[in-house]
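Mind assembling these two chains? They're in different frames, but the hints should get you there.
Taken in sequence, the protein lines are chains A and B. If you're matching positions, the first sequence starts at 29 in the numbering used here and goes up one per residue. If you're matching positions, the second sequence starts at 5 in the numbering used here and goes up one per residue.
Among the hints, erroneous ones may be present.
[To be verified] Chain B regions said to be covered by chain A (calculated; three or more residues, Cβ under 8 angstroms):
no. : segment
1   : 46–57
2   : 61–71
3   : 131–139
4   : 146–152
[Stated by the list, open to error] What follows is a set of in silico ranges between Cβ atoms, one per label pair, in the way DEER data are often shown:
no. : chain 1 : residue 1 : chain 2 : residue 2 : range
5   : B       : L187      : A       : V75       : 56 to 62 angstroms
6   : A       : K166      : B       : P194      : 45 to 51 angstroms
7   : B       : T207      : A       : R103      : 44 to 50 angstroms
8   : A       : V75       : B       : P194      : 29 to 35 angstroms
9   : A       : A35       : B       : R162      : 47 to 53 angstroms
10  : B       : G345      : A       : P143      : 48 to 54 angstroms
It is worth saying that the hints were derived from the structure and are not from the lab. Beta carbons: idealized from backbone N, C-alpha and C, even for Gly.
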Amino acid sequence: MGLKTAALKKSIWVFHVACSPCNNCDIEILDLLTPRFDVERFGIVLVGSPRHADALLITGVANTHVTPRLIETYRATAKPCVCFLFGACASHGNFFRGSYNVPRRIDEIIREEDPNAIIVYIPGCPPKPEAMIAGVVKALSVL
Amino acid sequence: MKKTILPIGPFHPLLEEPEFFTFHLDGETVIDVDVRIGYNHRGHEKLATGLTWDQVPFLVERICGICSTSHPYAYVLAVEDMLGIEPPPRGKYIRSLIGEMERIHSHLLWLGLAGHFIGYNTVWMWAWRYREEILDACELLSGNRNHYAMCRVGGARRDVSQKALDFTMKALDTNEKSTKMFLGAVADDPVIHKRLKGVGILTKEDAIAYCATGPTSRPSGVRWDIRETDPYDAYGESLEAGAWKVIVTENGDVFDKAVVRVLETLESIYLCRWLIENMPDGDFQVVPGEMHEGEGCGHHEAPRGEVFHYVRSDGSNKPIRHKVRAPTFSNLPTYKASCPGEQIADVALITAAIDPCYCCTERVGVIAGGKHSSLTQDDLVKLSVEKTMEIEKRMGVKSVLNKFK
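Next up, chain B with everything else stripped away, as it sits in the complex (with noise of 0.2 angstroms):
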């Protein structure tokens, strides 16, 4: 049967970023999906090489713009475990509270615009309203709608005034009542019900194999939360406190993922409210003192999943190397596995549904004479045995490579 191939991108009124997609159809049917990327690298890994320790949360704050807390958290983290400095508990507790903010107003986007796709416009307006109160809260507690330069080595940049909290409680008390409300509407719809139900499902297997992190892999059945395995900050103490828990489900449909994420505002919201009743008094930061060579990891749940970053030093005022992995990295092959014998109409739903972040993801890119490619993993393989074998030669080692050749 003759093939049909439907490209979208990279400039699409459907999608935020610039990304392009090829759908391979037959009829209405989806067989295969491609993704192509590679509009938006800018080179991050490398402008950190040239700024101060100091200067690098500022942009990997502009890695993304929605998860704008998650790329500085995850960096700091790194630092501090390189240094083995303790933050002081006013400091944990402000970044975490900014951490859940974010993840409130992230989720309450990606509601409205699940709702903008299945054509519920109504939808889009009222969760992008809800979400205005969650942005004057954070103007209040940080400085600036989106990007709040909370996150420092050492603990928070800034102390937040107990004027800016009172507010946030006040905001997390109206956006409760409405989250609820969202939640009531998606579980009572029959429309919304017949639209998502079975709709791209991605089975457990699936997203233990494609390593699916965050939102993406907890509807599946995958019990994976950094915050909940690897507690950092004021996350430990939290969950201990039980002032929230890990929503976890099985279907692994669309519906799941949009409950797995209503869910979770309202778990985020109970947790920033135990946040600030338990908020501690005292400093808010501590000087690093000397840097050393050494190399450290850091990892934060990000509203998209598990966002890890490292770093390394040679003891100068700047890192040597600075690598970073987004939850999108490992979300976006997920689409080979739910995609495929899908309707065309629900493509765009399903591709929407792992929250996509294609800013975060770009870190790899192939130009070479004004071609860009992209390296397979057999052209990987060969470039690695290649490079180690000239190093052999470099270094007058006999090679037991040979057997590659």
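Bound conformation, chain A alone (with noise of 0.2 angstroms):
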């Protein structure tokens, strides 16, 4: 394990982008900040930019319109960094596959833009909000 990856694993700032979700995603993630659930205890903290973000978390498909942005923010991210696919449309496009407006899948995209992108998937439509925080410890615990 290198210094950089060391450091990553301490406590990790995630920045949000949603890409073309349906919201559900996106609120669980929300949720996961409030007294319930509050991921803050192990340090992960939702920051403004990804200039400060140690890992991404995206939702949804990447629709024509969003691809380029994506890209954009995924180098805008320090690196190294996690790509967390929260939901069924991030880790393989669920109803929308075959739709004219999803050319293609997020990992797709990312591992075009960086073959050594750490990409992981968390399944599940929605994936409830225990899921999200046991695929994070899970990641991190493999990194």
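Have a look at this one:
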């Protein structure tokens, strides 16, 4: 484990990238910050800029309009960073795989931009908050 | 005077969803606002024509995660309208119960976010904490916290157990106490009065002119609630029984919008309680039978306003046309009436006050030659006239439209 990865794992700051979601994963992510789940006790904080972030929380599918903005956001994030793909849409496209406005999966877009990207899939529609926390913990423990 | 332009979006910490605002400023005052959407268009209407009638509710549920019963509800009402079938009473009551539970959690969610926008993070934390009990009840009733999948053509998709109903009753009791506490907090706090009263006023004339619906129009004095104006399922009976009432206020500012939502939450709690107490026994679904040609409309009062679905069938197992009209589509342009003349610090709140839901809204986008463009009224008229003339030419009819050339 490199020094950078060790530092990354300490207390991750996250930036929320809602691509073309149905809002459901998004409200569950916000739910994680509220008293019942309260992920701030693990040092996970929602920040206002990708430049401050250690991880991107990506929800929804990437449509043609949002794809260039997603790539730009990924470029702006300090490396190394972790990309968490929340929900079935972000992981594999869900219902929208065949849609005319959804050309590519999100992991394909990110891999094309950076072949060494760290991508974590958390499936479910929407994943329960417990599953989200478990996914984040699992990903950090294998890094 | 030099004009300043302030862009916000598409990924911004204030916004849950991707959308792009351009504010034209003069000092601190907003002169004009421009909303650019299209970041959320996923092609639902086209996808729906590739799925069978019974699969479409699962797709339209994913139009929006917050009002995820409203879209399938309006869709099944449209198909039932087309087929002329009547679901059994228990199925109707279950659907209405889930619809009202959704309204409670959606309004509490909005209340929390509104508190967050004016800097009262405590309100955010508390509102979302009390919302959790409602979500627990939803999970026990339907099996999921958000996408409930309880609507089906011909009734409810699954039955609810007595144990789940008892649990829901308890959750409603605790939630009523906390909602009343919020009502007291909103009504008594002098800071909230100063911050919200007289801000972002939408007059009754503007609300009608912009076709605003739901909790955006009712604070402006427009009495329009689909549950009352065109009752369906269990809403007519509960209204006659006096279980709930429509909330209408007069001022149209952000304060009234907050008060209407809190009072509506209380009314929904009373309605849910009535529905559980009067839940009939028996079947909860009927078999829809043969599909035939035809078209149908259905509308439902979503937490944000009227949601409207239209379907057309050619007798096959798939809809050949499916049209969705979401409430935010008509509520969005009210920014043009309520934002100009306000301080930039208030605009975040005003834009949030209609409870915008962009993932519901995005139905039309034009992409030609890699460029995204929007069509004006003149362009649309021109396109329409051209198409009519082309059809006339093909059919060999003498055109009467030459004057439009």
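Item checked: Hint check for P194 (chain B) and K166 (chain A) - Cβ pair distance inside 45 to 51 angstroms -> Roughly 48 angstroms apart at Cβ, these two residues keep to the hinted range, so it holds.
Item checked: Range hint compliance [Cβ, V75 (chain A) to P194 (chain B), 29 to 35 angstroms] -> holds, 33 angstroms
Notebook entry, point to check: Holds or violated: the segment 131–139 of chain B covered by chain A, criterion of 3 or more residues with Cβ-Cβ distance under 8 angstroms?
Noted result: holds (count 3)
Margin query: Between the segment 61–71 of chain B and chain A, are there enough contacts, at least three residues with CB-CB distance under 8 angstroms, for the coverage claim to hold?
Written below: holds (count 7)
Check: CB of L187 (chain B) to CB of V75 (chain A), is that within 56 to 62 angstroms?
Finding: Once the Cβ atoms are compared, 34 angstroms apart, the range 56 to 62 angstroms for V75 (chain A) and L187 (chain B) is violated.
Margin query: Can you tell me whether the CB distance of G345 (chain B) to P143 (chain A) sits inside 48 to 54 angstroms?
Written below: Holds, at about 52 angstroms.
Notebook entry, point to check: With a cut-off of 8 angstroms between beta carbons, are at least three residues of the segment 46–57 of chain B near chain A?
Noted result: holds (count 5)
Next item on the list: Please test the hint of 44 to 50 angstroms on the beta carbon pair from T207 (chain B) and R103 (chain A).
Entry: holds, 46 angstroms
Check: Are there at least three residues in the segment 146–152 of chain B whose beta carbon sits under 8 angstroms from a beta carbon of chain A?
Finding: Satisfied; 3 residues make the cut.
Note to self: I want to verify a distance hint. Is the separation of the beta carbons of A35 (chain A) and R162 (chain B) within 47 to 53 angstroms?
What the structure shows: Given range 47 to 53 angstroms: holds, Cβ gap about 49 angstroms.
Violated hint for the displayed structure: number 5, the only one.
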